[in-house]
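Student: The primary structure of each chain is shown beneath.
There are 2 protein chains.
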Amino acid sequence: MVPEEMKSTEEKAGKRGRGLVIVYTGQGKGKTTAALGMLLRAWGRDMKVVMLQFMKSATSNYGEHRAARRLGIEMVALGAGFTWHTKVPDKGRSLAVELWEKAREKITSGDYHLVVLDEFSYPIKYGWVPAGVVLQTLRERPSWVHVAITGRDMPAELIDFADIVTDMAEVKHAFTEGIKAQPGIEF
Amino acid sequence: MVPEEMKSTEEKAGKRGRGLVIVYTGQGKGKTTAALGMLLRAWGRDMKVVMLQFMKSATSNYGEHRAARRLGIEMVALGAGFTWHTKVPDKGRSLAVELWEKAREKITSGDYHLVVLDEFSYPIKYGWVPAGVVLQTLRERPSWVHVAITGRDMPAELIDFADIVTDMAEVKHAFTEGIKAQPGIEF
Numbered sequence: 001m002v003p004e005e006m007k008s009t010e011e012k013a014g015k016r017g018r019g020l021v022i023v024y025t026g027q028g029k030g031k032t033t034a035a036l037g038m039l040l041r042a043w044g045r046d047m048k049v050v051m052l053q054f055m056k057s058a059t060s061n062y063g064e065h066r067a068a069r070r071l072g073i074e075m076v077a078l079g080a081g082f083t084w085h086t087k088v089p090d091k092g093r094s095l096a097v098e099l100w101e102k103a104r105e106k107i108t109s110g111d112y113h114l115v116v117l118d119e120f121s122y123p124i125k126y127g128w129v130p131a132g133v134v135l136q137t138l139r140e141r142p143s144w145v146h147v148a149i150t151g152r153d154m155p156a157e158l159i160d161f162a163d164i165v166t167d168m169a170e171v172k173h174a175f176t177e178g179i180k181a182q183p184g185i186e187f
Numbered sequence: 001m002v003p004e005e006m007k008s009t010e011e012k013a014g015k016r017g018r019g020l021v022i023v024y025t026g027q028g029k030g031k032t033t034a035a036l037g038m039l040l041r042a043w044g045r046d047m048k049v050v051m052l053q054f055m056k057s058a059t060s061n062y063g064e065h066r067a068a069r070r071l072g073i074e075m076v077a078l079g080a081g082f083t084w085h086t087k088v089p090d091k092g093r094s095l096a097v098e099l100w101e102k103a104r105e106k107i108t109s110g111d112y113h114l115v116v117l118d119e120f121s122y123p124i125k126y127g128w129v130p131a132g133v134v135l136q137t138l139r140e141r142p143s144w145v146h147v148a149i150t151g152r153d154m155p156a157e158l159i160d161f162a163d164i165v166t167d168m169a170e171v172k173h174a175f176t177e178g179i180k181a182q183p184g185i186e187f
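Respectively, the protein sequence lines represent chains X and D. Heads up: the first sequence begins at 1 in this note's numbering, then just goes up one per residue. Heads up: the second sequence begins at 1 in this note's numbering, then just goes up one per residue.
Simulated from the structure, these hints should not be mistaken for laboratory data. Worth double-checking, as some hints may not be accurate.
Any copy, or any two copies together, can satisfy a pair, since identical chains are not distinguished.
To be verified - Straight-line C-alpha distance at most 30 Å; calculated DSBU-like pairs for lysine-lysine:
1) K91 - K172
2) K48 - K172
3) K125 - K102
4) K172 - K125
5) K102 - K172
6) K125 - K48
7) K48 - K180
8) K125 - K91
9) K102 - K91
Let the sequences and hints guide you as you build the complete structure.
Tutor: Structure representation (structure tokens):
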């Protein structure tokens, strides 16, 4: 909730504001979901947005992919999945490196108002993408580019660099009580 | 992230799953934003969704309202705002009661797959809407109806009743460093 008086003058003037780095981390639900909400808000304001998903596979067809297609929002999933990264680490690494190169291009191009790096903590944590390179890219990006990064166990360097960091803690979760994930809600 | 094997059979069969009560609370950013992400996902799966906003005023025209209009997603803001509730508590109360009646109808109708009650912790906390009535409505709702509730200081009764509860903690926030809220990102 943002009070009326906090509406930025940039918006009224149609100018681009200051780009923020936003991190959603923690063990609870809602990290990717919040990033999707940001996409929706920004899209609602005619901003150019993209989401790059580092762990979901290219064949994913979850609620967010279906919505993105209909909205014309660019969403690229290029991961080997959580269950595979330990079995085929080389595959996980090469996909992550490929997607990060794409992400870096998009961030530095200045063509986007918002770039979401979904589940991006993992490729860094696994040592597939060096934190230093990520930081340098964020530091040198055009001033108006917002970057949102989600994932558990976010590297400390990214938390230090970010403007806004939210930790989502799991207070309670029905899955632990044997209730299945529900389509359209969880994925 | 939901692994492939967690995809529900209901979805494949086109049936309605089990409705969940999902709470996003805590002092950090991302509560309303995550609820927006849920709306987007569910909308992507052709589910019928609605968001009722208890604190934003009817004239709000944030990113989410603009997006919702374009998507044909029902979104009703009917609040007196955070800055006003202490000055004109009677107005806040009457608006909240009116919107809750609307919410109750929508939840019990069974016409919706997902009903979001945004910033709904406040009307309960202020004593405008009794927690007992809310619980009864949730308990008696059609089995497939998901209800998501956001807001700080969520009453314990709702946390106890919910299936999934995420607490969003503010680790860091740029606004405390004098950076303005950015349109399309924060609102």
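Student: All the hints need checking, so say for each whether the structure fits it.
Tutor: Each hint tested on the structure:
Taking the shortest alpha-carbon separations for K91 and K172, neither the intra-copy value of 34 Å nor the inter-copy value of 35 Å comes in at or below 30 Å. For the homomeric pair K48 and K172, the shortest alpha-carbon distance between copies (26 Å) is at most 30 Å, but the shortest distance inside one copy (35 Å) is not. Taking the shortest alpha-carbon separations for K125 and K102, only the intra-copy value of 19 Å comes in at or below 30 Å, while the best inter-copy value is 46 Å. For a Cα distance limit of 30 Å, the shortest separation of K172 from K125 qualifies both inside one copy, at 26 Å, and across copies, at 21 Å.
In this assembly of identical chains, K102 and K172 lie within 30 Å of each other by CA distance solely across copies; the values are 28 Å between and 36 Å within a copy. Taking identical chains as interchangeable, the C-alpha atoms of K125 and K48 lie at most 30 Å apart only when both belong to the same chain, with a minimum of 29 Å there against 38 Å between chains. For the identical chains of this complex, K48 and K180 are inter-copy neighbours only, at 20 Å across copies versus 35 Å inside a copy, given an alpha-carbon limit of 30 Å. Only within a single protomer do K125 and K91 lie at most 30 Å apart by alpha-carbon distance; the minimum there is 16 Å, versus 51 Å between protomers.
In this assembly of identical chains, K102 and K91 lie within 30 Å of each other by CA distance solely inside one copy; the values are 17 Å within and 51 Å between copies.
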